[in-house]
Amino acid sequence: MRRHIVVCPGDAPYLERLKGFTCVFTVGSVLEADRVITDAKQIGINVHAVAIHSRIPLGIIELHEEWGRTPIALFVPAMGMFKDMVRQLGRLRTLNIRVYLAVDREENLKALRILASLGIPCAAEFGEGRIDWDAMTDLATHALLGLSPHGTIEPFEEMARQYRQTGRTEFRGVYFEDPTRFVHADEHGKLAFSSKDLGARYCFSEELSNLDTLTELPAYQQHLNAWRSVFKDFNTCSICAGWRICGGYVQNRVDDNPGCKAFAEEVMGLVERRAELRRNVEGVWQV
Amino acid sequence: MASVILKVTERCNSNCYYCDVVNKQDQGGSMSLEVLEQVFIRTNEYLQSLPEERINLVWHGGEPLLLGPKYFNQVWEFQQEHCAATGNRVSHSIQTNLTCFREDFIPTFQKLGIGAVGTSYDPEPHMRGLGRERNTILYNAQFLRAAEILEKNNIGWGLIYVVTKRSLARPRDVFYFLTNLKLTGGINFNPVLIYDKERQDVAVSPEEYVQFLGEIFPLWWHHRSRYPDIEPFRSLVDNIIDGNTSLGCVDSGSCTFQHINIAPDGNTSQCGRSSDWGLLSYGNIRDRSFGEILSDSQREELAARVIHLAETECDGCRLWELCHGGCPLDSWSKHGEFQHKTEWCIAKRGFIEKYFEPITGTSYKPRGVLLPC
Numbered sequence: 001m002r003r004h005i006v007v008c009p010g011d012a013p014y015l016e017r018l019k020g021f022t023c024v025f026t027v028g029s030v031l032e033a034d035r036v037i038t039d040a041k042q043i044g045i046n047v048h049a050v051a052i053h054s055r056i057p058l059g060i061i062e063l064h065e066e067w068g069r070t071p072i073a074l075f076v077p078a079m080g081m082f083k084d085m086v087r088q089l090g091r092l093r094t095l096n097i098r099v100y101l102a103v104d105r106e107e108n109l110k111a112l113r114i115l116a117s118l119g120i121p122c123a124a125e126f127g128e129g130r131i132d133w134d135a136m137t138d139l140a141t142h143a144l145l146g147l148s149p150h151g152t153i154e155p156f157e158e159m160a161r162q163y164r165q166t167g168r169t170e171f172r173g174v175y176f177e178d179p180t181r182f183v184h185a186d187e188h189g190k191l192a193f194s195s196k197d198l199g200a201r202y203c204f205s206e207e208l209s210n211l212d213t214l215t216e217l218p219a220y221q222q223h224l225n226a227w228r229s230v231f232k233d234f235n236t237c238s239i240c241a242g243w244r245i246c247g248g249y250v251q252n253r254v255d256d257n258p259g260c261k262a263f264a265e266e267v268m269g270l271v272e273r274r275a276e277l278r279r280n281v282e283g284v285w286q287v
Numbered sequence: 001m002a003s004v005i006l007k008v009t010e011r012c013n014s015n016c017y018y019c020d021v022v023n024k025q026d027q028g029g030s031m032s033l034e035v036l037e038q039v040f041i042r043t044n045e046y047l048q049s050l051p052e053e054r055i056n057l058v059w060h061g062g063e064p065l066l067l068g069p070k071y072f073n074q075v076w077e078f079q080q081e082h083c084a085a086t087g088n089r090v091s092h093s094i095q096t097n098l099t100c101f102r103e104d105f106i107p108t109f110q111k112l113g114i115g116a117v118g119t120s121y122d123p124e125p126h127m128r129g130l131g132r133e134r135n136t137i138l139y140n141a142q143f144l145r146a147a148e149i150l151e152k153n154n155i156g157w158g159l160i161y162v163v164t165k166r167s168l169a170r171p172r173d174v175f176y177f178l179t180n181l182k183l184t185g186g187i188n189f190n191p192v193l194i195y196d197k198e199r200q201d202v203a204v205s206p207e208e209y210v211q212f213l214g215e216i217f218p219l220w221w222h223h224r225s226r227y228p229d230i231e232p233f234r235s236l237v238d239n240i241i242d243g244n245t246s247l248g249c250v251d252s253g254s255c256t257f258q259h260i261n262i263a264p265d266g267n268t269s270q271c272g273r274s275s276d277w278g279l280l281s282y283g284n285i286r287d288r289s290f291g292e293i294l295s296d297s298q299r300e301e302l303a304a305r306v307i308h309l310a311e312t313e314c315d316g317c318r319l320w321e322l323c324h325g326g327c328p329l330d331s332w333s334k335h336g337e338f339q340h341k342t343e344w345c346i347a348k349r350g351f352i353e354k355y356f357e358p359i360t361g362t363s364y365k366p367r368g369v370l371l372p373c
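These protein sequence lines map, in sequence, to chains C and V. Numbering-wise, the working numbering puts 259 at position 259 of the first sequence, and it's gapless, one number per residue. Numbering-wise, the working numbering puts 73 at position 73 of the second sequence, and it's gapless, one number per residue.
Treat the hints with care, as some may be off.
[Claimed, not checked] When the alpha-carbon atoms are kept at most 27 angstroms apart in a straight line, the in silico BS3-like pairs for lysine-lysine are as follows:
(1) V:K165 <-> C:K232
(2) C:K83 <-> C:K41
(3) V:K70 <-> C:K232
(4) V:K165 <-> V:K365
(5) V:K70 <-> V:K111
(6) C:K196 <-> C:K232
If you are wondering where the hints come from, they were derived from the structure by calculation, not from laboratory data.
Bound-form chain V, shown alone (with noise of 0.2 angstroms):
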């Protein structure tokens, strides 16, 4: 399935301490109908050409609901009219602060299909917040009014917890917090990317983000049916313990072919990162397919990147089935060219074999899979 990241503006009304968007110099806006109308153009003519094939469109920012209800009934109505007869094979996922979402957002939710929403929350004051003044007790309130609403109308949620430096004082408090909050889990503990100096009191060390993860896992693992769905230690117990494969796309190593980053201006890439930073410039959806620019050739060294990996820096590592080198933008950042692994390679490992191993007692054993389906 291909994933669709449609960054539909760059707007945000939330001024959260990490993040990248907040702090661009040149923002781009917001994406006009026009273009709008072009993904679904797009859309039909890919999903047409691959009648097997589906497509994920994930609604991303900024803050898309801050478009307003109209506009996400005109994405219904553009989808309607552009793919009448390839709908069906169109999934709809959003990320959102949730704290704009009113009840009048419901109905074009229900709609296109939207059973569950992506957000992020921190209790952490002056980390999220509105406005400019990062307004925290404003933000929480807004953001509690839209769980009960979501929770009224059967609309799932799921969490992104951001680790930060912050958090290391208080990682039980962090975790009983968060799993009070959403207490049927979907909560995910990624580490803070911090990619400039001047917020560097917030960044985390791999080492940090494992002491952070170490103090979490057993609360997890002994009590584990009453905190389901908690990321990342779900998927490492599938992996590990259950012998399946389910990995994201920073360690799927499989994100060459199948993603495609929409900038308001129509103007495409990999994903949002890359798309932030100016890589993997794949051209406007005015002028090429999503066929078009999901072969093209600048994927290739995406795609080089994993067999690289596997025969030199990566080369006899018993986890990389787990991580296949993790994701080629964290290499980009720490090395300025994609060929090496993340340097988040250390928290991956430090984690499974410092805690996850000993306290389930458990030991990976990799299957002999090189390289990704």
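Bound conformation, chain C alone (with noise of 0.2 angstroms):
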């Protein structure tokens, strides 16, 4: 049976545990993340990925060779001004990573525009404010449809490459929150599908020890399950039509969210276009 991927802070007191699994490590700072990739290291885990959740714009953060190949997703405030952006452009394409902006900051909507137009993947976070769908379609559009050659811009990319027409968009691995690959931990060993639910409390197994019988567990079912619940309601998510490429997640993500139900549908249409424009790849009539 696959294990779950543990996504745990960097500092957790049980890391020593977590020998054998893979984890995803939440660190507030680039010199967290240095020890814990080192920590990892000499205790036997395999790192899927480290978080670094910092409040430094990404011109001036510090980004560190001795991360090779690790992938980083950097969940960074802002660009920050462009010509420091562009002194990082170096380490931004030789390091693995993926560069987070919360797009409830209309700046960040064209930063993210700007990094994937210099080849640097990122992806936008949902955030806790208002956001501009309009914008965000534009984005969208630019991510899947945009002929310019230019870097991943997610949760698009991972939308466009899950979706079928006749089943449900799996798309939250981005934000490592897929609950059939990822489990969040907390600093006591509480377990919860999402640092959401962490800090709401909303945990499905108060103990560590069932990382390794987490299937098994009645709140897991559930928790899988719990997508049909929007069904006994006719209202809200159950009657978008983009709710087969969204499942709701933005609804969850976003108080004030008007516009979002349009924004789904019309991403949804965009990831069709794109899969019928590579279907059809005809040459060119001259020749």
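Quick one: dock chain against chain with the hints and give me the complex.
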């Protein structure tokens, strides 16, 4: 049976107990990232990624060559000054970094486009504030159908990879929240399916020792099937044309979200259009 | 293939607003094991007399699953006992509201080869619901739990959605709700059939039904690979664009010699509605074989109806081959006799001419086959 990837604090007191597991370590600074990568190697933990949640803009954050090919999910508040960011380009390209920017800040929507155009893999984080859904749709259009070469912009790329017309789309792996792959542990070893759930003390297990029997827990099964509960109600996401691609993720993340329905439906159309274009690659008519 | 509709019980745990069974004064209880055994004796007898023939047993109600897993295990045992040589030509279907479906039905369903179940759902509160108070919340919770069990066990399910007056306010919401709930399709939009004056608040006219379909058809047509198997759209594409002939019992004009409805007491009729209305009684399976029931002389009137309509009311109708005058029971409910076309003719024609043909850019061309096979 495949084990879940454990998303836990990089300074969790129980790291030794995770020997043999694959983990995503959440840290608050690049120095902590350095330390946890070293610790994990010593303990025998496979590093799926290090998620750095920094308050420092991308332009001036330190990027360490020592990270090598270790996947780094770099959550920063902003891109910062362009001239600063340009100085980081070498390392952003050689290291294995994906830059996450919260799109409830308007300038970050532009920043994602700039970063992607420079070949930097990046991701839109939904944040907690109001989102300009039209601008998000433009970003999705650029990500999925933009003709100029650019780095991937998540979650759109993952949506396109996972989308099946007659199924639900699981793209939450971008945020380490796909419950079939990731489990979140707090500093005490309590388990939940997302950092948001952990924050709300909505834990399905109090015991880190349940990691190996996770899939047998009734709470786990309930969570996997929780998506159905939306159909108890003839409102909200159940009547959304874009539900099969969004699955209610946006609604659950963003409180004030008028427009997310149109966004989700639009993204679904874009994903289908891209698949169609890739299926129908025709030769140039002149030759 | 003969279809035998087994109304194994007239009891139901649900109290759907538009259902006739719930409001029926004289509910016939449930089918005894003695009658059930007779079903399999008759099935075997029929199949032995016709070596190429097959039978589909449709478990219906009321709510058939109220009888519990043991009852359906008994079904399997009777089939083993009485259809040892013919059982491979017996198939099973079931129509259930799913609210009392549990894991312990699964082994028997698998033994009977039930790979999919037919069910219904209505997102509108208080249309379907459990008990006297019509508890929609409990109904929905139990239904969704059952859907989860079915999918976990790789048993498919399809939905009938009954279009009522309340649906007319939100056709697109209904469409998205159901196609989200059942992403792989298998959804049938049928008009509600109300025969009393008390519930006219939910009744829809053929024109209103057309209006409902017309609202959702463009959504389906433009994204039909996203929403497969939505009826009546899929069938119309099959018949009008793809040139196939695949019509349901209402439109095929060929139910006459293929259907038997068996009530809990073993009395037979043409179908559920004719049984409810005391029409076309073909006798009891204790006294008559399936062969005798299927060749009952009363069926001649139904057979004659198709010919009669083709020469009278439906003469010259370019859509004749798509409906054959519709269901004789619809004629009865309107005119008190079978020899008229269905009042839903307006709906079929209206939808095809107002929406289907203009939106798809096609025009139906009859094949010139006057009578159904």
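Status of the hints after comparison with the structure:
As the CA atoms of K165 (chain V) and K232 (chain C) are separated by approximately 21 angstroms, the hinted pair is consistent with the 27 angstroms bound. A threshold of 27 angstroms between alpha carbons decides the hint, and for K83 (chain C) with K41 (chain C) the separation of about 35 angstroms lies outside it, so the pair is violated. This hinted pair does not check out: K70 (chain V) and K232 (chain C) have alpha carbons roughly 30 angstroms apart, beyond 27 angstroms. Distance restraint check for K165 (chain V) and K365 (chain V): the Cα-Cα separation of roughly 33 angstroms exceeds the 27 angstroms cut-off, and the hinted pair is therefore not satisfied.
With a CA separation close to 13 angstroms, the supplied pair K70 (chain V) and K111 (chain V) stays within the 27 angstroms bound. Annotation: proposed proximity of K196 (chain C) to K232 (chain C) holds, straight-line Cα distance about 23 angstroms (limit 27 angstroms).
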